[in-house]
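J.: In case you want the letters, here they are:
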Amino acid sequence: MRKSPFANARFSTADLFVILVPLAAVLLALAVGAVMLLALGTDPLEAYGSMLEGAFGSDAAIFRSLTRATPLLLVAIGICIAFRGGVINIGAEGQLFVGAVSATAFSLWAGESLPGPLLILLTLVVGFIGGAVWGAVPGILKARFDVNEILTTVMMNQIATQLLFYLLSGPMIDPEQIRQGTRIPQSAQLPDASWLPRLAPPSQLHAGLFIGIAAAIVVFVLLWRTTLGYRIRAVGLSRDAARYAGISVARYLTVAMVLSGGLAGLAGSVEVTGVTHRMVEGFAVGYGFSGIVVALFGRLHPIGAIPSAFFFGAMLVGAERMQRTVQVPSATVTVLQGLIVIFVVSSELLVRRWMARRQARAAAAPAVLPGVPTPASQEVRA
Amino acid sequence: MTGSNMTLDQILIEAFALMFLYATPFLFAALGEVFVQRSGVLNLGVEGMMLMGAFSAIYTVSEKGLGQEPLVGLLVAIITGGLLGLAMAVVSVTFKAEQGISGIGFTLFGLGLSSLLFKTLAGGVMTAQGRGFGALSIPVLSDIPIIGDIFFNQNVLVYVAFALVPISVWLLNKTSWGLKIRAVGQNPAAADAMGVNVNRVRYSTVILGGILAGVAGASLSIAVTPIFQENMTAGRGFIAVALVYFGGWSPWRVMAGALLFSIANNLQIWAQILNLRIGGTAIPPNLLIMAPYILTIAVLVFARQRKRLEPAALTKPFERGEN
Chain H
0 MRKSPFANAR
10 FSTADLFVIL
20 VPLAAVLLAL
30 AVGAVMLLAL
40 GTDPLEAYGS
50 MLEGAFGSDA
60 AIFRSLTRAT
70 PLLLVAIGIC
80 IAFRGGVINI
90 GAEGQLFVGA
100 VSATAFSLWA
110 GESLPGPLLI
120 LLTLVVGFIG
130 GAVWGAVPGI
140 LKARFDVNEI
150 LTTVMMNQIA
160 TQLLFYLLSG
170 PMIDPEQIRQ
180 GTRIPQSAQL
190 PDASWLPRLA
200 PPSQLHAGLF
210 IGIAAAIVVF
220 VLLWRTTLGY
230 RIRAVGLSRD
240 AARYAGISVA
250 RYLTVAMVLS
260 GGLAGLAGSV
270 EVTGVTHRMV
280 EGFAVGYGFS
290 GIVVALFGRL
300 HPIGAIPSAF
310 FFGAMLVGAE
320 RMQRTVQVPS
330 ATVTVLQGLI
340 VIFVVSSELL
350 VRRWMARRQA
360 RAAAAPAVLP
370 GVPTPASQEV
380 RA
Chain V
0 MTGSNMTLDQ
10 ILIEAFALMF
20 LYATPFLFAA
30 LGEVFVQRSG
40 VLNLGVEGMM
50 LMGAFSAIYT
60 VSEKGLGQEP
70 LVGLLVAIIT
80 GGLLGLAMAV
90 VSVTFKAEQG
100 ISGIGFTLFG
110 LGLSSLLFKT
120 LAGGVMTAQG
130 RGFGALSIPV
140 LSDIPIIGDI
150 FFNQNVLVYV
160 AFALVPISVW
170 LLNKTSWGLK
180 IRAVGQNPAA
190 ADAMGVNVNR
200 VRYSTVILGG
210 ILAGVAGASL
220 SIAVTPIFQE
230 NMTAGRGFIA
240 VALVYFGGWS
250 PWRVMAGALL
260 FSIANNLQIW
270 AQILNLRIGG
280 TAIPPNLLIM
290 APYILTIAVL
300 VFARQRKRLE
310 PAALTKPFER
320 GEN
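Protein sequence lines, in the order shown, are assigned to chains H and V.
Using numbering that gives the first Met the number 0, the first residue of the first sequence is number 0, and each one after it goes up by one.
Using numbering that gives the first Met the number 0, the first residue of the second sequence is number 0, and each one after it goes up by one.
Think of the hints as simulated: they come from the structure by calculation, not from any bench.
Just so you have them, the derived chain H footprint on chain V, three or more residues with Cβ under 8 Å:
#1 92 to 101
#2 106 to 115
#3 290 to 303
Restraint-style ranges between C-beta atoms, simulated for each label pair:
#4 H/Ala355 x V/Trp176: 29 to 39 Å
#5 H/Val279 x V/Glu62: 28 to 38 Å
#6 H/Trp108 x V/Leu82: 44 to 54 Å
Listed below are several chain H residues computed to face chain V (Cβ distance under 10 Å; list not exhaustive):
#7 Phe82
#8 Pro137
#9 Val146
#10 Thr160
#11 Tyr165
#12 Val343
#13 Arg351
In this text the structure is predicted, and so the values were computed from the model without any measurement.
Glycine included, each C-beta is placed from N, C-alpha and C at the ideal position.
Working from the sequences, and respecting the hints, build out all of it.
T.: Have a look at this one:
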């Protein structure tokens, strides 16, 4: 049922159906959203039009959408690993924060003492490790004690949010803020040697986009072409069957969470080295949750996550313009995301039934080769 | 409330009274979730349903909104929560969607819609100061020293929440509806064979869970803290779900958990009280705010021994003829 449209080289109508269902879910969500906007006295066409304009209206708009898509893509790839491994990781938000804050701390500490490329590389690695550690906690609790990972990851998000605020207003506060007495909770600016190169100045589009696409390909290969990936997916499909086949369920649950958290942490460090260049309050808020929606919309496939991330990145950027021009709060996007999640998971039953009916029909009909007359048709002709 | 003109005794009485007040939203939401989970469904959308209940109630009550009586506000929250519960039932019972993920969908939906309405209808500021539920002193009992101030000088929703505990126990264990709920949660195929309409029972519990989540939100916005803020529940809905695991699906133990988390939630107040005695350096507030979340994780690890009490069919949609 979770078979990916890209797993086989051949492309059938069933695969097309698998792609059409999420699109239908989006259309349905937009329709429900339109009714809500009407009820609030806004012309939905104008609101959505302004959203499209803001997301795709100019080169600058498209660059903004791509910039926003980058962290979403990395988070979503991580979510793919966790969900494929049977772990529902809702903690990307916290893993992203911890990754970003670790990367920031490392970059500020290492400073100019390292050559540029090495500093960037190590900063991103530290970000990955930070997120991986934050993901490992719920992973180990799930693997060792069978503790519900949805609840622990949600709690780890709340803890990370408070930790971030504590660090930014205390130990990691920009010394400049103390000197000026403003005490705005934000870190000092990262040394520019650790900034990711910008691709199309003056836009913020940065090399992190390539990191995201490369990560999608690596994770695709990992999940479908390596033993590690096979085992992660086996545990995700059936823990009992995997155990029976001699796979250590506890180990691969933990590995899935560690990789998933690591990619969220990488998303955070890419965002801080690529866009903001310092940790600020409200940094990347909501990206962790949007990443889950991106992953589900991409059918939990790392390659599918690429167009999906662009779509949702565009939606978020478009919503900001919508808020400015038609005064519709950007919270509308959160509503739409919620509806898309609900519609996508609800449509699974329809997909399953449709597939089952197709299989039943294929099994019932005798295998007929085209062009070879059946006995029945010969009789008719005679 | 912790002013210098209060004695330590008064502060302690106030703190214990607040413990019951702040336990109320947890208790409503968690008791609803007990019914839902006992019937074999996991509603992880509680957080979003609480937010919608909180906004709809305060909008109905506030002068800036509809300016109605608090009871009307509560009723609107009940309807809002009930409708969201119905939607959750359609998704998780009829469409048999993966319950963990659909719950996150409902949480995002409730978070987004409550923020959207808050900004468009209320312009981002909304208070029910002086218009929400106030303290209701129980005659005679409230005159008892100390005990009267802690227990019998409370908000009316506090009494309702705590009264719901024995009522829930009775409903679950002594009524035929409760028997059906437990049967459907343990062995839906057997319940179905006995003529119980599995899906109808699950609809009833998920709608009830939605209603109580709505009431929990209302208790927050028009009784505990008479204001609304975006995402004001701050994870309380998820903690309520965790309380159900902690309480081993039993209303009494869920109540104990709600009180424990109420203390953790108000650790800042308790730290102030202790500071009066110790007078040491203040702990950073963000570390105190973390306490309930850390406690939740600890409690979930501790509650793993209760796993055997878990309804056998939890999160498993029922399909006739499958088992």
